[in-house]
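J.: Each chain, letter by letter, is given below.
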Amino acid sequence: MKRLFIALLTIAFFLPASLFLPACSDDDGGITPTVPVDSPRKIYILNEGSFQRGNASLSLYLPDSNEVFNDVFETAAGRALGDVGNSMTLHDGRLWIVVNNSNRIEVLTTEDHAPIRSIECLPDASPRHIVFDDAGTGYISNLYRNSVSVYDSVTNSFIAEIPVGDNPDGMAIAEGSLFVANSGFGNDNTVSVIDLVTRQVDRTLQVGDYPTAMLHLPGGGIAVLCTGASNNWEDPNDDTPGGLYIIDPATRTVVDSLTLGGHPTRLARDEQGHVYTIDGGITRIHLASKSVTKDFIPGTFYNLFVDVRDGKIYATDAADYVQNGTVEVYSLSGTKENTLSVGVIPSSMVLVE
Amino acid sequence: MFLFAAGTSSALAQKRLHNDDTLFFALAEQVTVTATRLPTALRHAPGATDVFSSREIERLPANTVSDVVALAPGATVRDYGGAGALQLASLRGLGAEYTLVLLNGMRLNGAQNALVDLGQLNLRQVDRIEIARGGLAALYGSNALGGVINIVTTRRAAPPALQLGYGAFGWKQGAASAGTQGRAGRVFADVRYEEADNDFSFTPAWNGNALVRRNADVIRRNLSAGGTLLFSEATLSLYTDFSSSRVGTPGAALSATQGRARQNDDAALFSALLDWRLDEARILRVGGSGRIGRQEYRDPSIRISGEELHSIYDARQLSVTASLEQSFPGDHRATVGVEAGIDELESAEIRMVPLRRQAAVFGAGDIRLALAGLPLRIYPSLRYDGIYDSVDEREINAVMPSLGIHAALLPGRLALRARWSRSFSTPTFNQLYWREGGNPALRPEYSTAWETGLVFTGGGILASAEVTAFRHDIDDKIVWAPGQGMYWTPRNVQHVISDGVEAAASLRLLRDVLALRLSGQWMSARKMNTSFPGDATQGKQLVYVPEWSGAAVLSAAPLQSLTLTATARVLGSRFTTESNDAVLPAHAVIDLAASGTAELFGVRHELKLEVRNLLDSAYEVIAFYPMPGRHLRLIFTTSLP
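Protein chains in written order, with the working numbering: chain A, 49 to 401; chain B, 108 to 748.
Source of the hints: derived by calculation from the structure; they are not laboratory data. Idealized CB from N, CA, C, for every residue including glycine. Fair warning: there could be bad hints in the mix.
Derived coverage of chain A by chain B (criterion: at least 3 residues anywhere in the stretch with Cβ under 8 Å from a Cβ of chain B; other residues may be distant) [as the list claims (entries may be wrong)]:
1) 139 to 153
2) 233 to 243
Taking lysine-lysine and the DSBU-like style, the derived pairs with C-alpha atoms no more than 35 Å apart in a straight line are [as the list claims (entries may be wrong)]:
3) A/K384 <-> B/K279
4) A/K90 <-> A/K384
5) B/K647 <-> A/K90
6) A/K384 <-> A/K360
7) A/K90 <-> A/K360
8) A/K342 <-> A/K90
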């Protein structure tokens, strides 16, 4: 009996330890204000979050009242958004948020931010972007599957997978074709052209090294931003320059190009004939004259967006990439007007009006 | 680079250990060679030091060095998913790159990244593990900013033994050892095989549905052999070890699709140590060690230009050392020595083939004085390290001093100890020469550390108790930050101060049938500088450093042939972001081990049952790396007595 007592004492000694542990909580004590649902104009800011920290988040900016609401998704859904929020697309009144390292796409309404659906992407997809055709079919670029998967939003299922080039990234749909930038992390220089009827690549266009972003231009063309390859990192002299390429979707050919130099990322445009990109600061390109203004807005920015109606440039500052960042708001002339405090690594932005 | 586990000190410790077989812990006269580089009674060490002896380790629910280190005061283990996963030691809130790990004196921290996976180091043939906390570069050179973990393999006879283990998640282990000893010395050989699928279930925070951990399987093979040759005034110890590890590294559990990366580690190491007593006052020690290792990482999920991610690192280390220990009248002692070594790394991920040459001169002393009639020991040490990297012909010259004292306030009962030291850490090859983001302009990191504590050595129930306050002030800490293009690059940009208090006690209960070891610590490890105006990380706790944590080991020997051991590890909440706005909750993990022995037909049999995570706690040490729930292991050992 004495030995049994000792054995029980041995076990019992430790049991109370767990009783004194604080309850699981990540509450910082703050109160999230209620997000107004009837605002006429909303700008959503997707904060990537740090890699493998699972702290991607969604912020909302109301330009009319100059209010910022953070953690919009988590507040509405009751769970975290995931790891590395890469991009988001507005379709059918809903936000489709591509959460890259969670291999998911989260769908929520723009009215009350109610989560509609959480789509598990194909295994090892590492999804980057989603675009939709007129029929509502979604196309997702899969960075590590070297493919585009076809998503039926009605049946909530993947119905096809189309092989493309290396490490596909940005996409655009026009004239019955899907154009896919094959980045290859600098080792590819092509755009796959997919026929939306046959769902096959029927043409591959050559552009500059490291094509990443695509943008619809007012005249119907598609701009492709090529970041340029770094090649041997020990030798800065063997880099290839970044550039802008214009595709005519009707003929499915590259019709023009412009060497930018450096290693630009991101694309946005205004309605005054300018395209903007980032290479440290913001570079402004006047398409008609092909004049390039480097450091049109000096700084170190991560992503940008242009509100064409209000004439504002929204440029994100990721600070040190581990703490909350900001969105800097500029006029089209480059005058700073506002600073918005948002989440970690603010990146993709979408206007809802 | 060598640390000498003097045969005389081991013998002294063992002799005293055997005086009381009912105690699992050598509470009174454990000896450490790590704290001062001279064999020193643990209670006389100038800094916080803990020793886990083989007797204690055998009874723990423990399979790897990681399992033991997690129970030490001031130590936490950053565990990326349990058996088979990466397990890194953190002493006093500082990272694994600031924890120097020695195996029989051989430095295991390679120049590649200075990290040592303690989960790959099994406990077979381990005689003791010493964990000395504090800045110890004045004794051991680079990387010892937080302290030193010294693993010493046994010099005792190894009787023929066979061990079989079976447990949850497909865990199987088979091991065999054989050895013999005579007047000329001893030889031994030990082989071990371990495998597990580690397909445990967990419920991720981002999804209420349970998932099964996939691709976390492990296969490990070890062959070690060695021996000791005894001469009239000298001992030659040889040790060699071949290890092979094949593990799946599923990565963070961020989606239902778990990672498919694989990592292979193969290594061969050897060490030789001549311990020569020249006369009554002088001991000469000469040694050499080497290690050849290959690490291969492959991730089929990440394809760049059609090729899956596949990296190989071939590392080669060689070191030699010689030292002389001299005793002086009045029991003063000193040791002086030299070390030389090379580290070479070959990988397509690294620029060129960096070769690091290192030479060091060191001296350490143990000066015994009396202050107002009370014993006072002073432990000065000084070390010079000259380091030369071939790639960019960079030189680092570092002179690191240390001064420790141990003052008896109540002789035999209460003592005050204190130590001040300077330490440094050399940038790793990855930090300097990684092809995509390495920064060859990096400087060494420097730290100033002090600690002071009270040590009580008692009798009766409270066998010993100690409390230690410390501060480590690190300048030029290297941090990875966004660089040019898509890759990050390291920079010397951070100033970190780690303050804390450690408390530990050992108790004997019920006429020594129960032994209890308790420890707890509070740590504040914070970034002190601002990186830019409005930096929200200034003054914030470093990620994954708990402000408080603790451990307990309770052992009972109700019968000569039956032992019961329970361990508890409690880890306070930890921030997972530099701005301290996301947190992992606190957790407690209790493990049990029960061992029964019997002798039949002259053969000794032991059956050990381990219950890991008794409370079935669902927890993560690192965010998104789930840990296994409650599980059992059964280990049967049969040996000749």
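J.: Taking the hints in turn, state whether each one holds.
T.: Hint-by-hint comparison with the structure:
With 4 residues having a beta carbon nearer than 8 Å to a beta carbon of chain B, the stretch 139 to 153 of chain A meets the requirement of three or more and the stated coverage holds. Look at the stretch 233 to 243 of chain A against chain B: 3 of its residues bring a Cβ nearer than 8 Å to a Cβ of that chain, three or more, so the hint holds. Proposed proximity of A/K384 and B/K279 is contradicted: the alpha carbons are some 65 Å apart, above 35 Å. The suggested pairing of A/K90 with A/K384 holds, with an alpha-carbon distance near 20 Å, which does not exceed 35 Å.
Simply put, B/K647 and A/K90 have alpha-carbon atoms about 34 Å apart, close enough for the 35 Å limit, and the pair holds. Restraint check for A/K384 and A/K360: satisfied, since their Cα atoms lie roughly 10 Å apart, inside the 35 Å limit. Our distance criterion of 35 Å between C-alpha atoms is met by A/K90 and A/K360, whose separation comes to about 14 Å. At roughly 30 Å between alpha-carbon atoms, A/K342 and A/K90 fall within 35 Å of each other, so this suggested pair holds.
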